[in-house]
Amino acid sequence: MKKQIVTMISMTKILLSLILITSTALYASGDKTVNLKDLSMKNAAQPYEKIITGGQPSLEDLKALKAQGVTNIINLRGLGESNNYNESEEAKKMGFNYVSLEISDASSVSIENAKKLDEILKTMQGTTLVHCGSSNRVGALFAIKAAAVDGKTHEQAIVEGLNAGMKSLRKKTEAVLATIK
Numbered sequence: 174m175k176k177q178i179v180t181m182i183s184m185t186k187i188l189l190s191l192i193l194i195t196s197t198a199l200y201a202s203g204d205k206t207v208n209l210k211d212l213s214m215k216n217a218a219q220p221y222e223k224i225i226t227g228g229q230p231s232l233e234d235l236k237a238l239k240a241q242g243v244t245n246i247i248n249l250r251g252l253g254e255s256n257n258y259n260e261s262e263e264a265k266k267m268g269f270n271y272v273s274l275e276i277s278d279a280s281s282v283s284i285e286n287a288k289k290l291d292e293i294l295k296t297m298q299g300t301t302l303v304h305c306g307s308s309n310r311v312g313a314l315f316a317i318k319a320a321a322v323d324g325k326t327h328e329q330a331i332v333e334g335l336n337a338g339m340k341s342l343r344k345k346t347e348a349v350l351a352t353i354k
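Note that the sequence shown covers residues 174 to 354 in our numbering.
By construction, these hints were calculated from the structure, which means they are not laboratory data.
Just so it is clear, the structure is predicted and the values come from calculations on it, not from any experiment.
All C-beta atoms, glycine included, are put in the ideal place defined by N, C-alpha and C.
Just so you know, not all the hints are guaranteed correct.
[Said to hold, decoys possible] Listed next, the in silico PhoX-like pairs over lysine-lysine satisfying Cα-Cα at most 25 Å (straight line):
no.	residue 1	residue 2
1	K215	K345
2	K210	K239
3	K344	K215
4	K295	K223
5	K325	K354
6	K288	K266
[Said to hold, decoys possible] Across the chosen pairs, the derived CB separations fall in these ranges:
no.	residue 1	residue 2	range
7	T296	A240	22 to 28 Å
8	K289	H327	16 to 22 Å
9	S277	T244	34 to 40 Å
10	K239	H327	35 to 41 Å
11	A240	R343	21 to 27 Å
12	I353	M267	21 to 27 Å
13	K210	K340	27 to 33 Å
14	L232	I353	34 to 40 Å
15	S213	G242	18 to 24 Å
16	A351	N257	36 to 42 Å
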């Protein structure tokens, strides 16, 4: 009887160890991508492992992103740009870390603002949504950041910008990139 109890305890320890190892492995290998197909925001993309880019998210988009583990929002929209809800207030209620970096138009697409975006990103823990109205300004800043901060070639920087949503600001972005040696 005593031998059976010792055997059961040993088996229980082995089983618990296997469960712990399996759950740790599953957690560590977890998919870092976020499901973007059901979001209504324009040009939603995940160009980097922990960065999602896109246009203005709806309140429902914020709820879906939160449910998928997104923890931060960087809003590049200007103060005069409207949406249907108070994004800052709603995001904070949901527990997002929320930062606004006003990039109101093409004149704000600059090396200085790309560096500001980089500094903000460095403070973020977890997955971050970076958005503007359509993701065009987002992509432009990521292109400039790629060259000015990350040391990428201008061609690589343009690809990164396009992947993050840059469209009509490409010529402006190329002009800024031309000033980076």
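Taking each numbered hint in turn, which are not upheld by the structure, reported in ascending numerical order?
-> 6, 9, 11, 12 and 13
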